[in-house]
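K.L.:
Letter by letter, the chains look like this.
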Amino acid sequence: MIHETLQAIAGGMVEVVIDGILFGLQLSLLAVGLVLIFGLGGILNLAHGEFVIITGIISVVLISSGWNPFIAISAAIFLSGLLGLALDRTVLRPVYKLKGEMEVLVGLFVTLGLAFILEGITSYLFPGFYFSVRIPVETINIMGLSFRASALVSGLISFVSLYLLLIFLGRTMTGKAIRAALQNQTGSRVCGIDVERMRTLVFFLGGLMAGLASLAKGVASSVEPGSGLELTSYALIVGVVGGVRSVYGAMVAGVLLGVVNAIASYLLGTYLTLIILLGIVVVVILYKPSGLFAGGV
Amino acid sequence: MSLRSLYVPKPILIFFAVFAILPLISSNPYHVRIFTIVVLYASFVYAANIIIGESRQLFLCMSALAGISAYTSSILSLSFGINPWLTIPAGILFSAAVGALLSYVSIVRGLGEIFVAIVTLTFSLIFENVILGLRWLTMGETGLVTPVLWWPFQEIAGKRVASYYTILIFTLLVSILYANLVRSRLGIALRAIRSDRVSAEVVGIDVTRYNVIAASIGSGILALGGAFYGYFNGMVSPGVFSLSVDIAIILMLVLGGIRTLYGPLIGSVAIVFVLETTRGLGQLTLTFLGILLVVLILTFREGISSIIQRAAVKLSGQGQ
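Keeping their order, the protein sequence lines are chains A and B.
Per our numbering, numbering through the first sequence is continuous, rising by one, with the last residue being 297.
Per our numbering, numbering through the second sequence is continuous, rising by one, with the last residue being 320.
Chain B on its own, in the form it takes in the complex:
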């Protein structure tokens, strides 16, 4: 695809322009940290939107995939003294390969969504136990202090703001990637597979190939986001990449609107806001997440984004 045919929807640019102004409005370190987490989660949700939404593979190991790359990059950089920017690609490759393998194996074995969920859930548990077990390499439960990553323009803007803008640009690129993926051959093939898998196969769509590609792209995004998360956070631990992160991602996806372009942004803003305001509740935050999940799944599966879209269509229809 040439750059000319790249599809960049205007509302996305407006969204990101607003995000770009945020640190100028408040440079409070706590606020900037929240902004960064929102934007980072949005990239995770785009990945989930590709894997769970577009290709309907219920991966319950998204945080593990992010974690694999964060650990790989950090460990390689620490043990060989290499610049983290050079080890991040290795982390991405590793995670994408694992994601592709999980996807390939489940399709070839003809696992339904529920078994994909169980296999990936099991994979998450294995990931956690391997990290805990390889204590000499990963520092186990305490977590590994990540090497220092140089963020572009950190000398001018300061580390915190520089990391925010780097991650913001990453998420902008991811959202544009998603917008174009949906319109590409891959996106159309995935849509065909979703609506009628057998017919899609009959007309010559390679179901395995397209699903595996979608899973690898999604895993790659999770991997880069995970690596950024690790370096931004200053440490990686099993807690940072635990299953509750997967739940948060799925909540954001469902709340914002699955298979929509703006859903991931809306969802991550809303859920991070909720999580931050309920932080003082301690363990009850978990209860709150649970209530949200149950209510959303039962009553609100189409998401905010599609409701806004429908309202907009109605309004413009009345205007004419």
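Just chain A, same shape as in the assembly:
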């Protein structure tokens, strides 16, 4: 009897952990764009969450005007990338002229202002709006454990996106140039890498990742206007724990925090969970400001 109960709890726990990993992949995807942009752009993009929301809005607007959902969502994700590019080319131009800490600070306030602008416009124009992608299957059973299909698909989308990003950064020449520029800007300039172009590209990539995160979130739950700053703070939490300049760090930290989140809310409830997550951030910043997994890029 006791043995069976324990087994049931353990079984439940396995499901909780896997659920956590799936959610964590979403978090990683959300954070990776923020981290990329901070690493090379030197800008802590507090408008990151708004990119997620705008992708959702564009998708729904396009779908409701008769586009094929697949093309509509792809177009929206691409537009999110273009939005990142536009950010780099317009409002952030004057910021790059500043030096050191000042650049970071002014960048912080400019993107915060931008977040407010977009949050205001989106919640004004689209009240009560939400972006959500329905998966026809409810649950999927694998080896006696049952999962929500939406969570599984969302995790898969996140995983593939992250994997493609890793391949791009690791295998292609452009990706390697980006990594070089992330590590050492002066050195890369010496080697003939156009750091400014790499930065523009990284903003595009960051926007693209936010767009993909929107899709992943739309599949798992829904994307709503007004939650942009909340999404940004999640990305920030993951980024800080992983190392604010480290792409791999953000990926690992996202999964780790996803698991912590799942276990904590399973055992303690959601309210304490968020405080635990925020507590982890504070502890990490205080004891290892460079992040837990900040080796390499």
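Hints in this document: simulated from the structure, not taken from any laboratory.
Heads up, a few of these hints could be off.
Lysine to aspartate or glutamate pairs mimicking EDC-like chemistry, simulated, CA-CA at most 20 angstroms apart [unchecked claim]:
no.: 1; chain 1: A; residue 1: 99; chain 2: B; residue 2: 196
no.: 2; chain 1: A; residue 1: 99; chain 2: B; residue 2: 302
no.: 3; chain 1: A; residue 1: 97; chain 2: A; residue 2: 194
no.: 4; chain 1: A; residue 1: 176; chain 2: A; residue 2: 196
no.: 5; chain 1: A; residue 1: 288; chain 2: B; residue 2: 113
no.: 6; chain 1: A; residue 1: 97; chain 2: B; residue 2: 113
no.: 7; chain 1: A; residue 1: 99; chain 2: B; residue 2: 113
Assemble chain B onto chain A, guided by the hints.
P.N.:
Quick look at chain B alone, frame taken from chain A:
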């Protein structure tokens, strides 16, 4: 410092004389409420001017610090039936201690401004979630109806006007405190640290100590202002002390002029005016604040106050 050596610049007195006349010109309850909010925000901006301006610690938890004291004082008064005036000091102590701790920890850990911003931002989120979570104590999102505070002379002047004058005098004292702080040993030390931290340390300035003192003074001002805000407002809620209040404070500071004596007054008048006139826009107010923030930060970092000052210097220079 003896009272004799207290520095009270005349323009400050003129500013406050004008503010003091305002309710006599219009006793419309709505107007008096706006005047009160302007003056209250000015005190917050002075605190920001000390923490962010003078000691360059980017605290993004100013509304949380104000909120801590407002909640502490209200909850203590409600649960023990004590006069709020007696619980306000407890709120101030609590907030100042939290502010000092945040400052101390960030300096000792050698966090740059950006990490101080992230830690304090995280702290703001924690504050909000603790308030939401401790529903039985704080009433969560709905907000807590504050106990009634007796404002001096409210029997004669009426509650609204009495609270206005109390807060006005508080802000006057805060502005005089700021004027003197800048000229004091603390202010000079902070200036030295700002211009060259290492050299300041070499000549024996205790960087940690002065920054922590600045943070505690600023937090103390925020705390008293926050408590007044709560009692004046009649209720405290996470919305009242949300992050957008921090943004408003920073906007006021930047617009008025960071590290200036008159900037906080000018900034709070201007921004409250803008906020009130755009109130009908609903969610677009947020957009408006955002545009203001972006434009100000990119083009106007020195603020109105220093521009006026420069113009004044130029004019007097031509006169001679």
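K.L.:
State for each hint whether it applies.
P.N.:
Quick rundown of the hints versus the structure:
no.	hint	result
1	A:99 with B:196	holds (16 angstroms)
2	A:99 with B:302	holds (17 angstroms)
3	A:97 with A:194	holds (17 angstroms)
4	A:176 with A:196	holds (15 angstroms)
5	A:288 with B:113	holds (16 angstroms)
6	A:97 with B:113	holds (19 angstroms)
7	A:99 with B:113	holds (14 angstroms)
Taken one by one, the earlier hints all hold for this structure without exception.
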